[in-house]
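Each residue of the sequence shown is one higher than the one before, counting from 104 in the numbering used here.
Hints may be right or wrong, so weigh each one.
Said to hold, decoys possible - Pairs of lysine-lysine, DSBU-like flavour, derived with a Cα cap of 30 angstroms:
#1 K247 with K295
#2 K233 with K248
#3 K233 with K398
#4 K247 with K233
By construction, these hints were calculated from the structure, which means they are not laboratory data.
Only a predicted model underlies this, so the values are computations on that prediction, with no experimental measurement involved.
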Amino acid sequence: MRRSSLLLALIPALLSLNGCRTVADAGAPPGAPASAPTVATASAAPTADDNLNAVLWIQRSAEYRGVTESVYRAATSRLDAALSDPGWDALPPEERTVPARGLPPAVIVDVDETVLDNSPYQARLILDGKQYNEVTWDAWVQEKKARPVPGALEFARYANARGVTLLYISNRAEHLGGPTLENLRAVGLPVKDDSVFLGLGTFVEDCEQEGSEKRCRRELAGRRYRILMQFGDQLGDFAQIVANTPQDRAALYDRHAAWFGERWWMLPNPSYGSWEPALFNNAWAEPLETRRERKRERLNRAEP
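When you get a sec, could you build the whole thing from the sequences and use the hints?
Structure representation (structure tokens):
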């Protein structure tokens, strides 16, 4: 989520309005932990890590697999109906710049934590007592070791067999397109050609990209395809978030609630995301403990 998107993760969100980047994704790059791990001290008890349970849940729980497979199976059961309805479109109306009727069908999928599981990268950060940074993230992508999110491969093959193109709109930077496509192909996910990867930095004529915001790339997809469904693990994967505050995020969800589970499909990601900086005013420049305290203040104890 960077122009290099991951460098932008280290820049504090300056405004809650559109600016040089959309606040929604400030500090929430692909691969960035939900909260930066703290380095373990020499004390007998290790320092608590905000991301430990989240990563273990993704890697070791049967429940995670149950959730992701349920999402993809439900989407599979709806795909044929969407394909047969010429008026069906999963782009927000404000992002549809040309008529969808008559265009070839496609499905938009995010990459990280939507079709590819990067939890091993998060696990390394936890075990090494390190925080996310662009160098280690790029190195992880170059390894091409990410495995499919449970259920993603079956859905993708079903869609591909019906002539539906998968479009990978990712906030992995453009220079990571090669290894990303190799990783996708290696695990069996369908890749029509190199053009289906729309990474951060993709040029979109007549549309100014705002930081890591995906609106322009969704618009580009809509110029070429009728979009049957969208898949993601962040609210910003589906529609533009202008102000990354809990209130505005909730309002955006409410406006589009009827589309979730029908045209839009959300995958679980408790490890990182734009929901987290919304809880501390997107102030990534603040010390870790300050950000953690802001999050603690947001806990609901059901007090009178």
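Each hint, compared with the structure:
The suggested pairing of K247 with K295 holds, with an alpha-carbon distance near 19 angstroms, which does not exceed 30 angstroms. At most 30 angstroms may separate the alpha-carbon atoms for a hinted pair to count; K233 and K248 meet this at roughly 20 angstroms. Taking the CA atoms of K233 and K398, the gap is near 20 angstroms; set against the 30 angstroms cutoff, the hint holds. Our distance criterion of 30 angstroms between C-alpha atoms is met by K247 and K233, whose separation comes to about 21 angstroms.
When the structure is compared with the earlier hints, no violation turns up for any of them.
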